[in-house]
Amino acid sequence: DSGYGHDLSPQMIHRYSRHLLLPSFGVQGQSKLLKSSILVVGAGGLGSPVLLYLAACGAGRLGIVDHDVVELNNMHRQIIHTEGFIGQPKVKSAAAACHSINSTIQVVEYQEPLRTSNALEIMSKYDIVVDATDNAPSRYMISDCCVVIGKPLVSGAAVGLEGQLTVFNYNGGPCYRCLFPTPPPTTACQRCSDAGVLGVVPGVIGCLQALEAIKIASGVGEPLSERMLLFDAFSGRIRNVKIRGRSLQCVVCGENAPFSKQQFQEFDYENFTQSPLTPLPLKLNLL
Amino acid sequence: DSGYGHDLSPQMIHRYSRHLLLPSFGVQGQSKLLKSSILVVGAGGLGSPVLLYLAACGAGRLGIVDHDVVELNNMHRQIIHTEGFIGQPKVKSAAAACHSINSTIQVVEYQEPLRTSNALEIMSKYDIVVDATDNAPSRYMISDCCVVIGKPLVSGAAVGLEGQLTVFNYNGGPCYRCLFPTPPPTTACQRCSDAGVLGVVPGVIGCLQALEAIKIASGVGEPLSERMLLFDAFSGRIRNVKIRGRSLQCVVCGENAPFSKQQFQEFDYENFTQSPLTPLPLKLNLL
Amino acid sequence: VCKLCSFYNMQLTLEFGGGLELLCNSVKIHNVNVELQNGAEKLTMKDLLSWIRTNLIKERPEMFMKGDTVRPGVLALVNDCDWELSGQLDTTLEEKDVVVFISTLHGG
Amino acid sequence: VCKLCSFYNMQLTLEFGGGLELLCNSVKIHNVNVELQNGAEKLTMKDLLSWIRTNLIKERPEMFMKGDTVRPGVLALVNDCDWELSGQLDTTLEEKDVVVFISTLHGG
Ligand SMILES: [Zn+2]
Ligand SMILES: [Zn+2]
Chain Z
1 DSGYGHDLSP QMIHRYSRHL LLPSFGVQGQ SKLLKSSILV VGAGGLGSPV
51 LLYLAACGAG RLGIVDHDVV ELNNMHRQII HTEGFIGQPK VKSAAAACHS
101 INSTIQVVEY QEPLRTSNAL EIMSKYDIVV DATDNAPSRY MISDCCVVIG
151 KPLVSGAAVG LEGQLTVFNY NGGPCYRCLF PTPPPTTACQ RCSDAGVLGV
201 VPGVIGCLQA LEAIKIASGV GEPLSERMLL FDAFSGRIRN VKIRGRSLQC
251 VVCGENAPFS KQQFQEFDYE NFTQSPLTPL PLKLNLL
Chain C
288 DSGYGHDLSP QMIHRYSRHL LLPSFGVQGQ SKLLKSSILV VGAGGLGSPV
338 LLYLAACGAG RLGIVDHDVV ELNNMHRQII HTEGFIGQPK VKSAAAACHS
388 INSTIQVVEY QEPLRTSNAL EIMSKYDIVV DATDNAPSRY MISDCCVVIG
438 KPLVSGAAVG LEGQLTVFNY NGGPCYRCLF PTPPPTTACQ RCSDAGVLGV
488 VPGVIGCLQA LEAIKIASGV GEPLSERMLL FDAFSGRIRN VKIRGRSLQC
538 VVCGENAPFS KQQFQEFDYE NFTQSPLTPL PLKLNLL
Chain W
575 VCKLCSFYNM QLTLEFGGGL ELLCNSVKIH NVNVELQNGA EKLTMKDLLS
625 WIRTNLIKER PEMFMKGDTV RPGVLALVND CDWELSGQLD TTLEEKDVVV
675 FISTLHGG
Chain P
683 VCKLCSFYNM QLTLEFGGGL ELLCNSVKIH NVNVELQNGA EKLTMKDLLS
733 WIRTNLIKER PEMFMKGDTV RPGVLALVND CDWELSGQLD TTLEEKDVVV
783 FISTLHGG
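Chains Z, C, W and P supply the protein sequences, listed in that same order.
Going by our numbering, the residue at position 88 of the first sequence is 88; the numbering climbs one at a time, nothing skipped.
To convert, count from 1 in the second sequence and add 287; that's our numbering.
To convert, count from 1 in the third sequence and add 574; that's our numbering.
To convert, count from 1 in the fourth sequence and add 682; that's our numbering.
Bound-form chain Z, shown alone (with noise of 0.2 Å):
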């Protein structure tokens, strides 16, 4: 402690005064924001500008985790990457990009796929789990994952003109398998990189995710628990819908299946959903 009720050094102070300058944050929030550690699943198009805002805000432990490496069909929408980056592994990418903004940060990098053999590990390490990643056994396994170890979880998706928002397992709030036992058919999964996405979309998706993670890192607002956002960029519309809350009868965090560390790292999300946890590229023959 400083003497003065808080740990903040003046080139904090400094860095974060237009924080500090608002009632309703404050030195307080931003306290709690600094000794906050959020994990950020997926480093693609959701995921940059979730860390990009996130580092730049002052979370205190940044985990980035992605397998994939940046390609040139990115760079339309994944603006934490740069063209020097092409090629080379997104999460080494993501976090110098990271790091250029706020040095005072830590940074994790974990360069693998996430799987029921590593989730359980790496999320344990995190208050607050965000969602960026691309497809449904992953959603399915990483909400899983945060009810098992009791983190809540930011939750965000974009595909072509649209965006959905929410958060999970937050305060007593449903689960994704709260709200959605049966995971869809196959044909109805399409990912951006199957259907196009508009670049800004995921850009407007991940600016409300991190803020997400930030309401709830600081204890500052209302968090979207019970509540989703879905956006309709054609129309320029934004609903704020109100959800179902947990289910009694969800297979995962209802009241008579509590889902065990075991039970998680036995379950085959690839089955579950019949669809790979790791998809390959599609490779575009456009004309």
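Check each hint, because a few of them may be wrong.
Here are the simulated lysine-lysine pairs, DSS-like style, with alpha carbons at most 25 Å apart [unchecked claim]:
| hint | chain 1 | residue 1 | chain 2 | residue 2 |
| --- | --- | --- | --- | --- |
| 1 | P | Lys-710 | Z | Lys-242 |
| 2 | C | Lys-438 | C | Lys-548 |
| 3 | C | Lys-529 | P | Lys-740 |
Note that these hints are calculated values from the structure, not bench results.
If you're wondering where the values come from, they're calculated on a predicted model, not measured in any experiment.
We have chain Z; now place chains C, W and P with the ligands onto it with these hints.
Below, chains C, W and P with the ligands alone, put in the same frame as chain Z:
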């Protein structure tokens, strides 16, 4: 023309493939975007995501106006700037970032304050103007100039935990003066540097500004004309409200008052709003 | 709307998103008049789903429904509220209600 | 609300934003019952503004109003619609209307 009904090179097809895959955007939307020119006034909290996403998506020519230098207390929200650029002009830093994510677009730097003496000349060179400034006189000046030269204006603002977004002077819609014929009292004009701002709030609004600019440039979607988006980060609520159309009584765009270039150049915006166009930064003496 | 028997007709706004609009000619917003069945005094979501399947869905109905309800991965919202909170298939609809069907997205 | 004379009372939701909430103890959303004046049969925005000035604004009323209307830079919205489109001060309010007052922001 490449013989395929478009002008896209194989490199461009690769880079923008996820836009080309979108049925509602496709080759036509991307081609228009590549031929468009967009001026972004302000390379700060709003300008950072606007510029990154416009550069990434392939806006053909991007102009950046800013007279400021990068400071440490900008870094919590102005994610386009890296620590290495502290003390250097924001325009230079922002242009370097745009180039590093997309070396195929043209970036024009205006390292000067926008004033009535240079606004007509600079703004005339672009199809679309994005207002990412931080003060009332600039907002009136930019809107008036857009009316005089007939350009659409994407206007965003953010202070504290709130943001606002709309499109002015588009397709017969209102201008800034239609909405706000009389300037507010100076005590009601808080800037981020005085009042504070949660860094990711201009991030959300800036992404939405980039989206509106992309919609106008590509001719895809319904721009937010005669509508306004009101964003409250604390509660996570976003309102989409209907606002008035063009006012016949507007002194700038109304029936009897086509503002001339000369009138524009002679108008004293600082006196009109009782505030400076390039406000001095507040020295923060916290604690 | 028939002015003499408006009771038997219900004006609703239906919206499809997250890709479901592709099943209805890519139109997202549908302002519809749903006629109530002979003798019926109310319209439930169950009735509406069967009306939609007959009148709106042009192709691949299995992408919208499974059995007599929506397929897994589709959220149904009545006036911006999850239908799970209002009784799911038994939810009673009122004049001018807005019903949204949205397919969950996985991309990023 | 008086059940016998509910006509003379009107339930409204008032929201203040863009800094205007600072004039009402930093509370953004106010669910209020506005009593109509003796003999009045409707409530207009003009009536509501004077009610707000008397009952809600705790400090610096000049930051909210100028003369009998809102100060420059404030947008008034009735059910998410600019009051310029419904008659400004003459807009008639109805039970359960949502009225938003928002100060325009200039920062970035
Ligand atoms: Zn659950
Ligand atoms: Zn005007």
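Structure-based check of all given hints:
no.	hint	in the structure
1	P:Lys-710 <-> Z:Lys-242	holds (20 Å)
2	C:Lys-438 <-> C:Lys-548	holds (14 Å)
3	C:Lys-529 <-> P:Lys-740	violated (29 Å)
Hint check: a violation occurs at hint 3 only; the rest are consistent with the structure.
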